[in-house]
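Chemist: Here is how the chains run, residue by residue.
Protein chains: 2
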Amino acid sequence: MSHTQETEKISWLADLYQRTNKNWFGLNHSSEASSTSNNVSESKKDNVADDTLIRKVAEMILDEFHLIGDSDNVKNTNTKLVNFTQPADLEKILKLEITKDGLTIKQLEDFCRQVIKYSVKTTHPHFYNQLYGGVDQFGVAGAWLTDALNTSQATYEIAPVFTLLERKIIEYCGSKCGWDLDKIDGIFSPGGSISNMYGMILARYNKFSDTKENGVRGLPRLVAFGSDSSHYSLSKSSIWMGHGTNSVVKVKTDDRGKMIPSELEKEIENTIKDGAVPFVVIATAGTTVLGAFDPIREVAAICAKYNIWLHVDAALGGTFLLSLKHRTLLDGIELADSVAWNLHKLAGAPLQCSLFLTRHCQLLQHCNSLNAEYIFQSDKYYDADYDLGDKSIQCGRKVDSLKAWLTLASRGEDEWEHLVDNIIQMNRYITDKLAHRPNFKLVLPQFEGSTVSFWYIPEKLRNQTHIDPATLHKVCPAIKSRMMSSGSLMIGYQPLTCKNLPNFFRLSLTCIPPATMEDMDFIVDEIERLGKDLEF
Amino acid sequence: MSHTQETEKISWLADLYQRTNKNWFGLNHSSEASSTSNNVSESKKDNVADDTLIRKVAEMILDEFHLIGDSDNVKNTNTKLVNFTQPADLEKILKLEITKDGLTIKQLEDFCRQVIKYSVKTTHPHFYNQLYGGVDQFGVAGAWLTDALNTSQATYEIAPVFTLLERKIIEYCGSKCGWDLDKIDGIFSPGGSISNMYGMILARYNKFSDTKENGVRGLPRLVAFGSDSSHYSLSKSSIWMGHGTNSVVKVKTDDRGKMIPSELEKEIENTIKDGAVPFVVIATAGTTVLGAFDPIREVAAICAKYNIWLHVDAALGGTFLLSLKHRTLLDGIELADSVAWNLHKLAGAPLQCSLFLTRHCQLLQHCNSLNAEYIFQSDKYYDADYDLGDKSIQCGRKVDSLKAWLTLASRGEDEWEHLVDNIIQMNRYITDKLAHRPNFKLVLPQFEGSTVSFWYIPEKLRNQTHIDPATLHKVCPAIKSRMMSSGSLMIGYQPLTCKNLPNFFRLSLTCIPPATMEDMDFIVDEIERLGKDLEF
Numbered sequence: 001m002s003h004t005q006e007t008e009k010i011s012w013l014a015d016l017y018q019r020t021n022k023n024w025f026g027l028n029h030s031s032e033a034s035s036t037s038n039n040v041s042e043s044k045k046d047n048v049a050d051d052t053l054i055r056k057v058a059e060m061i062l063d064e065f066h067l068i069g070d071s072d073n074v075k076n077t078n079t080k081l082v083n084f085t086q087p088a089d090l091e092k093i094l095k096l097e098i099t100k101d102g103l104t105i106k107q108l109e110d111f112c113r114q115v116i117k118y119s120v121k122t123t124h125p126h127f128y129n130q131l132y133g134g135v136d137q138f139g140v141a142g143a144w145l146t147d148a149l150n151t152s153q154a155t156y157e158i159a160p161v162f163t164l165l166e167r168k169i170i171e172y173c174g175s176k177c178g179w180d181l182d183k184i185d186g187i188f189s190p191g192g193s194i195s196n197m198y199g200m201i202l203a204r205y206n207k208f209s210d211t212k213e214n215g216v217r218g219l220p221r222l223v224a225f226g227s228d229s230s231h232y233s234l235s236k237s238s239i240w241m242g243h244g245t246n247s248v249v250k251v252k253t254d255d256r257g258k259m260i261p262s263e264l265e266k267e268i269e270n271t272i273k274d275g276a277v278p279f280v281v282i283a284t285a286g287t288t289v290l291g292a293f294d295p296i297r298e299v300a301a302i303c304a305k306y307n308i309w310l311h312v313d314a315a316l317g318g319t320f321l322l323s324l325k326h327r328t329l330l331d332g333i334e335l336a337d338s339v340a341w342n343l344h345k346l347a348g349a350p351l352q353c354s355l356f357l358t359r360h361c362q363l364l365q366h367c368n369s370l371n372a373e374y375i376f377q378s379d380k381y382y383d384a385d386y387d388l389g390d391k392s393i394q395c396g397r398k399v400d401s402l403k404a405w406l407t408l409a410s411r412g413e414d415e416w417e418h419l420v421d422n423i424i425q426m427n428r429y430i431t432d433k434l435a436h437r438p439n440f441k442l443v444l445p446q447f448e449g450s451t452v453s454f455w456y457i458p459e460k461l462r463n464q465t466h467i468d469p470a471t472l473h474k475v476c477p478a479i480k481s482r483m484m485s486s487g488s489l490m491i492g493y494q495p496l497t498c499k500n501l502p503n504f505f506r507l508s509l510t511c512i513p514p515a516t517m518e519d520m521d522f523i524v525d526e527i528e529r530l531g532k533d534l535e536f
Numbered sequence: 001m002s003h004t005q006e007t008e009k010i011s012w013l014a015d016l017y018q019r020t021n022k023n024w025f026g027l028n029h030s031s032e033a034s035s036t037s038n039n040v041s042e043s044k045k046d047n048v049a050d051d052t053l054i055r056k057v058a059e060m061i062l063d064e065f066h067l068i069g070d071s072d073n074v075k076n077t078n079t080k081l082v083n084f085t086q087p088a089d090l091e092k093i094l095k096l097e098i099t100k101d102g103l104t105i106k107q108l109e110d111f112c113r114q115v116i117k118y119s120v121k122t123t124h125p126h127f128y129n130q131l132y133g134g135v136d137q138f139g140v141a142g143a144w145l146t147d148a149l150n151t152s153q154a155t156y157e158i159a160p161v162f163t164l165l166e167r168k169i170i171e172y173c174g175s176k177c178g179w180d181l182d183k184i185d186g187i188f189s190p191g192g193s194i195s196n197m198y199g200m201i202l203a204r205y206n207k208f209s210d211t212k213e214n215g216v217r218g219l220p221r222l223v224a225f226g227s228d229s230s231h232y233s234l235s236k237s238s239i240w241m242g243h244g245t246n247s248v249v250k251v252k253t254d255d256r257g258k259m260i261p262s263e264l265e266k267e268i269e270n271t272i273k274d275g276a277v278p279f280v281v282i283a284t285a286g287t288t289v290l291g292a293f294d295p296i297r298e299v300a301a302i303c304a305k306y307n308i309w310l311h312v313d314a315a316l317g318g319t320f321l322l323s324l325k326h327r328t329l330l331d332g333i334e335l336a337d338s339v340a341w342n343l344h345k346l347a348g349a350p351l352q353c354s355l356f357l358t359r360h361c362q363l364l365q366h367c368n369s370l371n372a373e374y375i376f377q378s379d380k381y382y383d384a385d386y387d388l389g390d391k392s393i394q395c396g397r398k399v400d401s402l403k404a405w406l407t408l409a410s411r412g413e414d415e416w417e418h419l420v421d422n423i424i425q426m427n428r429y430i431t432d433k434l435a436h437r438p439n440f441k442l443v444l445p446q447f448e449g450s451t452v453s454f455w456y457i458p459e460k461l462r463n464q465t466h467i468d469p470a471t472l473h474k475v476c477p478a479i480k481s482r483m484m485s486s487g488s489l490m491i492g493y494q495p496l497t498c499k500n501l502p503n504f505f506r507l508s509l510t511c512i513p514p515a516t517m518e519d520m521d522f523i524v525d526e527i528e529r530l531g532k533d534l535e536f
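Chains A and B are the protein sequences, given in the same order.
Read in the working numbering, the first sequence has 319 at position 319, and its numbers run on one by one without any break.
Read in the working numbering, the second sequence has 9 at position 9, and its numbers run on one by one without any break.
By construction, these hints were calculated from the structure, which means they are not laboratory data.
A couple of the hints might just be wrong.
[As the list claims (entries may be wrong)] DSS-like, lysine-lysine: derived pairs with alpha carbons at most 25 Å apart:
1. 305(B) - 273(B)
2. 100(B) - 380(A)
3. 325(B) - 100(A)
4. 106(B) - 95(B)
5. 183(B) - 92(A)
6. 117(B) - 92(B)
7. 95(B) - 80(B)
8. 499(A) - 380(B)
9. 474(B) - 380(B)
10. 80(B) - 117(B)
11. 380(B) - 80(A)
12. 433(A) - 532(A)
13. 273(A) - 325(A)
14. 183(B) - 95(A)
15. 100(B) - 92(A)
16. 474(B) - 433(B)
17. 95(A) - 117(A)
18. 273(B) - 183(A)
19. 305(A) - 252(A)
20. 250(B) - 391(A)
21. 100(B) - 168(A)
22. 325(A) - 100(B)
23. 80(B) - 380(A)
24. 305(A) - 250(A)
25. 380(B) - 460(A)
26. 380(A) - 441(B)
27. 117(B) - 95(A)
28. 100(B) - 100(A)
29. 168(A) - 117(B)
30. 380(A) - 499(B)
Hey, can you work out the whole structure from these sequences and the hints?
Modeler: What follows is the structure, encoded as structure tokens:
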């Protein structure tokens with residue numbers, strides 16, 4: 001490069017900083033290249049300037065967090081959970097074009113305020129719409145630090161602290177499954193669906209390790225079993241794994257939505273008779289719609305009899321393992337070969353924070369490793385057994401361990417026990433309440449875990465001797481639409497085709513923020529308020 | 001629930017707040033249940049209290065960001081890029097036990113300071129160790145807001161703003177590939193490996209849509225083609241997809257690490273002769289080690305001839321599409337059927353921010369959708385075509401769209417062009433410099449993209465007529481170990497077995513922070529300093 005070229009280069013880079021008035025990461029440096037403002041006091045050197053987007057956003061969240069979530073009783077606040085706007089209208093409000101000249105800090109700040117305004121405030125105490133809910137200061141602090149430190153969970157070299165944290169969380173959560181410490185292995189994955197796929201992949205490799213090199217072509221048909229209420233990720237995984245949706249058998253559930261062990265055994269026998277190979281049973285601890293817990297111990301006995309891998313999808317229900325009192329919901333989990341457990345659901349770690357756990361250490365490494373020499377070098381200056389990356393289907397992998405650790409370690413085991421027990425208390429409280437209200441009908445007489453499902457029966461329907469399911473089906477969408485307009489409450493609804501049930505509400509309780517009886521009262525009253533003049 | 005039970009419940013919840021002195025999310029409320037401190041001024045109502053972890057962490061990052069990254073010339077600072085500590089020692093320093101009682105804010109704050117101290121500062125100007133690098137205030141602001149709003153990218157209902165943002169980014173990046181706007185589709189995925197797997201899955205479905213239901217069992221062997229320098233995710237995907245590693249053909253590359261089209265055609269012919277079916281070719285735009293760009297246009301012509309899906313792994317190189325001058329590196333990308341492009345690599349969006357893009361709209365939906373009724377209800381109060389979730393292999397999915405949008409839109413197209421061009425300028429500058437230093441040897445005479453690879457030749461070896469490769473192989477690990485001890489610089493190294501090359505350094509340039517000539521000078525000088533007394 002000639003001297004002229006060098007000068008040219010320096011000039012455009014300086015220009016880049018000056019033109020945009022954005023010194024690097026907004027740092028207030030007194031050095032020539034990175035600061036153009038003269039009012040930087042010495043004491044502010046190395047501080048992020050007051051007028052940077054990152055500081056503005058931090059202030060927005062810290063100083064006005066009632067915009068995002070408010071733990072105070074909603075009666076004391078006018079905060080709306082949601083400002084619902086139709087997609088086409090919202091597209092017009094948000095100006096999303098990426099321009100030649102970029103945006104000023106002021107424009108970006110205004111944009112971020114709109115992002116908050118039109119986003120759903122999931123930390124609001126009346127958000128019960130998904131299987132996850134709010135976050136707290138500990139999880140978010142962990143997420144913020146992780147974002148700023150921006151690294152990948154691939155090797156100890158680039159993520160020393162996070163690697164140790166991931167190992168610790170895996171050990172801790174594996175031990176909550178009742179497994180021996182020296183057998184526990186696992187990995188953080190991007191969500192419950194992929195954690196379930198890890199379980200299916202490991203099950204396949206365990207039975208046919210040759211598939212790693214040669215695939216499934218020469219093998220008999222490989223069949224996975226889940227209940228008819230299991231998560232759709234079993235079928236999506238089966239597509240990706242090259243088995244297809246037809247190789248997932250949906251086992252019948254009982255009235256409460258739990259897999260019937262005798263039905264499982266019957267399906268396994270039929271599969272074997274067909275010449276196919278049952279390679280994995282997925283029991284669910286907390287089904288998506290009814291929140292039901294399959295009888296793990298009985299399912300495990302059948303798996304043992306037929307030598308089938310048992311994976312437990314505890315994406316939802318895993319967090320009950322933190323309560324000595326309620327961990328019985330997952331009775332028999334120590335017999336599982338692998339488990340999926342999402343800390344971003346009930347435990348309120350920021351999305352995503354999903355664990356895949358197994359009691360077969362080394363298997364994950366054997367199944368997935370390819371020893372890529374550019375990243376998992378054999379001549380490292382530290383013990384490369386600490387590197388987690390080669391166990392993973394990912395290469396770069398987002399760090400989820402710090403927020404998980406801060407979520408769990410900050411409050412400690414006693415407080416977590418309280419938080420989990422509170423879910424059950426609130427479940428019982430609202431179930432009892434709904435049972436005694438004439439315009440509500442429970443889908444089940446009682447609910448075991450974090451989910452409570454019910455119908456609202458508008459007055460006109462209530463007086464009919466036979467309620468038409470097709471009419472009842474329309475009630476939830478109508479009330480939901482009103483919820484979204486009022487911005488007061490969000491609860492999901494869905495039908496349950498496998499049980500022939502028309503649309504009903506699914507209330508999802510989470511640990512964070514902990515629901516109160518006042519919250520439960522509000523839900524019932526608010527649905528009544530929204531539904532009372534429905535013309536059905 | 002009896003009245004006694006209710007009272008009991010209220011008392012433990014109040015106790016929970018009081019005992020831990022943590023009101024919810026650290027909000028300063030004057031209400032009884034959520035605040036125990038009396039020194040909360042009225043003006044502070046709804047603010048996050050000064051003594052909460054989230055505020056402490058925000059201050060740590062904003063006020064002391066030189067701990068994390070410093071754009072100023074390193075000569076002006078004593079900031080270490082890394083405080084390397086052996087795993088077993090670091091385990092002792094960090095106390096990672098999850099206790100019964102939890103931790104105080106002070107203990108948590110101290111812990112977070114240790115997390116920073118012992119983590120790698122990837123935003124430091126001398127971090128060149130991975131294919132990603134630093135972050136800036138825009139990306140981090142987006143990540144922080146995303147963390148606090150804690151939702152999933154599954155439906156418009158729970159992520160209205162983020163859904164529109166994801167659609168916009170897909171449209172924008174797809175148009176940078178040169179595709180028609182009305183054909184573009186895609187999805188944010190958790191990293192380049194999974195984006196590549198999306199491409200392979202779509203290619204398989206495109207040729208054999210029946211695999212969705214019936215898997216690959218009845219089919220001939222399905223073969224994927226990548227170069228011998230392609231990423232290992234091709235093989236990992238092949239394992240998970242049920243094809244096995246033996247169904248990935250590694251096509252020979254030329255001296256510069258580029259796939260040789262005639263070799264590709266030969267391999268395709270051989271595969272067909274074997275009775276197997278070539279279903280996807282993966283061209284790489286920016287290989288992992290040499291940063292080489294496969295000749296996409298020529299590869300595309302072969303794909304067209306044999307009717308094979310062309311996926312381009314532009315996880316690394318995609319960002320060159322933001323430069324009118326250098327987008328020619330990906331000449332022919334408009335012919336690709338699908339593309340993987342990681343904005344968290346060169347473009348510096350916080351990890352993870354990976355796009356899977358295709359010009360076959362609807363195919364992703366057809367391939368992956370299962371229409372789960374509990375989440376993708378048909379009776380929604382808005383146009384459910386906006387929902388992105390059913391295209392995905394995930395169910396809950398982390399929001400990556402806001403940080404991507406803020407990364408791109410904040411600076412604007414002109415500035416991005418400068419930032420990308422700067423990579424090439426720095427590449428040429430350091431390549432030229434290394435070529436003229438007697439104790440360095442370039443792996444290639446020149447490098448096209450963001451990677452510059454070279455050996456350091458210690459004095460003793462330099463004077464030998466024949467340099468023993470086995471000895472040269474030991475130089476990088478020795479210098480790397482010294483880099484880590486001094487904490488001054490991080491550059492990765494690896495061998496390249498397919499070319500019979502012993503360990504060499506791989507310098508990875510990224511847009512953020514933009515490297516300067518001073519940085520390049522520092523790298524060369526520092527390696528000389530660290531290596532000069534090596535006893536080889």
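Chemist: Run every hint past the structure and note whether it holds.
Modeler: Right, here's what the structure says about each hint:
1. 305(B) - 273(B): holds, 16 Å
2. 100(B) - 380(A): violated, 37 Å
3. 325(B) - 100(A): Holds, at about 16 Å.
4. 106(B) - 95(B): Since the Cα atoms of residue 106(B) and residue 95(B) sit roughly 14 Å apart, the hinted pair holds (cutoff 25 Å).
5. 183(B) - 92(A): holds, 22 Å
6. 117(B) - 92(B): holds, 15 Å
7. 95(B) - 80(B): Holds - the C-alpha atoms of residue 80(B) and residue 95(B) are around 23 Å apart, at most 25 Å.
8. 499(A) - 380(B): Distance of about 21 Å is within 25 Å: holds.
9. 474(B) - 380(B): Violated - the C-alpha atoms of residue 380(B) and residue 474(B) are around 63 Å apart, more than 25 Å.
10. 80(B) - 117(B): holds, 9 Å
11. 380(B) - 80(A): Measuring from Cα to Cα gives roughly 21 Å; hence the hint holds.
12. 433(A) - 532(A): Status holds; Cα separation ~18 Å.
13. 273(A) - 325(A): Status violated; Cα separation ~42 Å.
14. 183(B) - 95(A): This hinted pair holds, its Cα atoms lying about 22 Å apart.
15. 100(B) - 92(A): violated, 51 Å
16. 474(B) - 433(B): holds, 24 Å
17. 95(A) - 117(A): holds, 14 Å
18. 273(B) - 183(A): violated, 47 Å
19. 305(A) - 252(A): holds, 20 Å
20. 250(B) - 391(A): holds, 22 Å
21. 100(B) - 168(A): Measuring from Cα to Cα gives roughly 16 Å; hence the hint holds.
22. 325(A) - 100(B): holds, 16 Å
23. 80(B) - 380(A): holds, 21 Å
24. 305(A) - 250(A): holds, 20 Å
25. 380(B) - 460(A): holds, 23 Å
26. 380(A) - 441(B): Holds, because 22 Å separates the two Cα atoms, which is no more than 25 Å.
27. 117(B) - 95(A): The hint is violated at about 40 Å.
28. 100(B) - 100(A): Given pair residue 100(B), residue 100(A) is violated - Cα atoms ~55 Å apart, limit 25 Å.
29. 168(A) - 117(B): With a Cα-Cα distance of about 19 Å, the restraint between residue 168(A) and residue 117(B) holds, given a limit of 25 Å.
30. 380(A) - 499(B): holds, 21 Å
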